[in-house]
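Place chain C on chain L using the hints.
Residue numbers (numbering that gives the first Met the number 0), protein chains in the order written: chain L, 0 to 327; chain C, 0 to 195.
Hints are computed from structural coordinates only; laboratory data are not their basis. Just so you know, even glycine gets a beta-carbon here, dropped at the ideal spot from N, CA and C. Any given hint might turn out to be false.
[As the list claims (entries may be wrong)] Chain L stretches covered by chain C per the calculated footprint, using a threshold of three residues with CB under 8 Å from any CB of chain C: (1) 158-169; (2) 245-257.
[As the list claims (entries may be wrong)] Derived DEER-like restraints, expressed as beta-carbon distance ranges: (3) Arg57/C to Asp6/L: 22 to 32 Å; (4) Asp17/L to Lys168/C: 51 to 61 Å; (5) Ala147/C to Asp6/L: 54 to 64 Å; (6) Gly3/L to Ala22/C: 28 to 38 Å; (7) Leu186/C to Arg297/L: 40 to 50 Å; (8) Leu142/C to Ile8/L: 53 to 63 Å; (9) Gly99/C to Gln229/L: 24 to 34 Å.
[Claimed, not checked] Straight line, CA to CA, 25 Å or less: simulated SDA-like cross-link-like pairs of lysine to any residue: (10) Lys18/C to Leu272/L; (11) Lys168/C to Glu238/L; (12) Lys315/L to Val269/L; (13) Lys8/C to Met171/L; (14) Lys121/C to Leu142/C; (15) Lys8/C to Gly170/L; (16) Lys121/C to Leu107/C; (17) Lys54/C to Gly250/L; (18) Lys315/L to Phe164/C; (19) Lys139/L to Ala301/L; (20) Lys179/L to Glu306/L; (21) Lys8/C to Asp53/L; (22) Lys168/C to Gln325/L; (23) Lys126/L to Pro2/L; (24) Lys68/C to Glu150/C; (25) Lys18/C to Glu174/L; (26) Lys138/L to Leu187/L; (27) Lys179/L to Tyr180/C; (28) Lys168/C to Leu272/L; (29) Lys86/C to Phe111/C; (30) Lys18/C to Gln184/C; (31) Lys126/L to Lys8/C; (32) Lys168/C to Val327/L; (33) Lys109/C to Thr175/C; (34) Lys18/C to Ile240/L; (35) Lys323/L to Ala265/L; (36) Lys196/L to Leu41/L; (37) Lys54/C to His65/C; (38) Lys18/C to Val52/L; (39) Lys121/C to Ser93/C; (40) Lys168/C to Glu268/L.
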Amino acid sequence: MGPGDLDQILKELPLPKDPKVLVGLDTSDDAGVYQLSDEVALVQTVDFFTPIVDDPFTFGQIAVANALSDVYAMGGTPLTGMNLVAFPIKTLSPSILKEILLGGLAKMEEAGVALVGGHTIEDPEVKYGLAVTGIVHPKKILTNAKAKPGDRLVLTKSLGTGIISTALKGGMASEEAIRKIVESMVTLNRTASEWMKTLGAHACTDITGFGFIGHALEMAIASQVGMVIQSRDIPIFPEAIEYARLGLVPGGAHSNRDFFSCRVDAHPEVPALLMDLLYDPQTSGGLLISLSSNEAERLVEALKKEENIDSCIVGKVVEEPRGKIQIV
Amino acid sequence: MLEIDCRGKACPQPVIMTKDALAQLKEGEWTIIVDNPSSSDNVERFAQSQGCSVKVERRGPDFYLHIQKRKVGEEAELTRRKERGEKVVVYINSHLLGIGDEALGSFLMKAFLKTLLDLERKPDRLILINSGVQLGSEDSKVLETLKALLEKGVEIVSCGTCIDFYELKDKMRVGTISNMYDILQSLFEADRLIRP
Numbered sequence: 000m001g002p003g004d005l006d007q008i009l010k011e012l013p014l015p016k017d018p019k020v021l022v023g024l025d026t027s028d029d030a031g032v033y034q035l036s037d038e039v040a041l042v043q044t045v046d047f048f049t050p051i052v053d054d055p056f057t058f059g060q061i062a063v064a065n066a067l068s069d070v071y072a073m074g075g076t077p078l079t080g081m082n083l084v085a086f087p088i089k090t091l092s093p094s095i096l097k098e099i100l101l102g103g104l105a106k107m108e109e110a111g112v113a114l115v116g117g118h119t120i121e122d123p124e125v126k127y128g129l130a131v132t133g134i135v136h137p138k139k140i141l142t143n144a145k146a147k148p149g150d151r152l153v154l155t156k157s158l159g160t161g162i163i164s165t166a167l168k169g170g171m172a173s174e175e176a177i178r179k180i181v182e183s184m185v186t187l188n189r190t191a192s193e194w195m196k197t198l199g200a201h202a203c204t205d206i207t208g209f210g211f212i213g214h215a216l217e218m219a220i221a222s223q224v225g226m227v228i229q230s231r232d233i234p235i236f237p238e239a240i241e242y243a244r245l246g247l248v249p250g251g252a253h254s255n256r257d258f259f260s261c262r263v264d265a266h267p268e269v270p271a272l273l274m275d276l277l278y279d280p281q282t283s284g285g286l287l288i289s290l291s292s293n294e295a296e297r298l299v300e301a302l303k304k305e306e307n308i309d310s311c312i313v314g315k316v317v318e319e320p321r322g323k324i325q326i327v
Numbered sequence: 000m001l002e003i004d005c006r007g008k009a010c011p012q013p014v015i016m017t018k019d020a021l022a023q024l025k026e027g028e029w030t031i032i033v034d035n036p037s038s039s040d041n042v043e044r045f046a047q048s049q050g051c052s053v054k055v056e057r058r059g060p061d062f063y064l065h066i067q068k069r070k071v072g073e074e075a076e077l078t079r080r081k082e083r084g085e086k087v088v089v090y091i092n093s094h095l096l097g098i099g100d101e102a103l104g105s106f107l108m109k110a111f112l113k114t115l116l117d118l119e120r121k122p123d124r125l126i127l128i129n130s131g132v133q134l135g136s137e138d139s140k141v142l143e144t145l146k147a148l149l150e151k152g153v154e155i156v157s158c159g160t161c162i163d164f165y166e167l168k169d170k171m172r173v174g175t176i177s178n179m180y181d182i183l184q185s186l187f188e189a190d191r192l193i194r195p
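For reference, chain L alone in the conformation it holds in the complex:
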């Protein structure tokens, strides 16, 4: 669903105030956080979607990595998961569903998450995902609302999964492009999350359906800051540029542009195709982490040296204009 569709409806929900809700709907954050005690808060999130790759096992893995990411983005540790399944059991072979669930289970095992149940409905369209419960220390929650002017922004995965998935749907994606995005989408954000906590990050969010710009803006608005993004430093899958040129841009990218572009000021020399990538909805995208300049460099270095993860400093946090992003 596009950002515009949901925004109005959510604004009209009469939510009662509860002091135990440490993170709720009002800051458009990645997960909900509810305090249980002085030491423990519950982190909850849910995510599901239709297949974006042909192989069911891989789809299962991607869906789970995507769902868990929101917990990692809050600085939390996921503990349990419950499957959400929609499947046309009368017309599609049950072995496909089994493969999807096996893929999901494999990724949960990798993350140390216990599958404790789930719910299935019959549906002409296949969908799979997870409801996740995790924990976090109430004083160590990494919301998207504490980015500070002077901070640097680190992005831990490349952009372009939406466009390349669209090309894949149209039978126009190369084997290499598919291989690259699958590898990226099945990668858990756990390691990046652990490192950012160690280095004292101020704020974090993960890049998913609203695209880089949508999620960066959520952080800018919640933190009441501005951002300056260096377009040349954004990590991208190069094939996505070619596919964007061929018009293989998902509808979601257009919705994101329609909704968010009023808060974006792009320099005229920034290539139009690169802007498409910045609005491109991501699946199981990377973490966008806001931390002080020295720590940002240490994070990029540590992720590369210790975990062989390529991440980049893509911009900085500024005081003004608040709630706006400049792309240079």
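Relative to the frame of chain L, chain C by itself:
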């Protein structure tokens, strides 16, 4: 006029249907109908990337994209060239020739193209890719040389992705805008490939 109705089709179906239509039709005009701005933008982009001209007409909630394919005369000319004998393609992937000093590289590229113009034998096609596309833009110091090569019957094609990347869409002064499929086709069809 052929009309292809893509209304109600999810992305990227309209682009795929446009691609299929292009593959089947030898020339001429046809119209693709879509029902949302994203599909309109996507189909327009695809058609343009394939060298077609596109006119978008709004009719109520729908978008009518009138697409015109490259003319018959140009296709015939290409066939004639193919029948002439060994096909020579020059592949230029940088505005500089060689690796090393940039000023020297720029000078050498200029000299290369000038000498190419002076030779009796001419290549059939010149491909400009990556920063090579800059050579065909309005600010290029070798523009006149490239224009002269065009007049001698050399086809010049520039990579569209690169043109967009360097923001030269309205600044290209020679040749046609091409795409990776077309460029790869040239490379495969070449009997001789020259890479300065």
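| query | Any hints this thing doesn't respect? Which numbers, in order? | reply | Structure breaks no hint.
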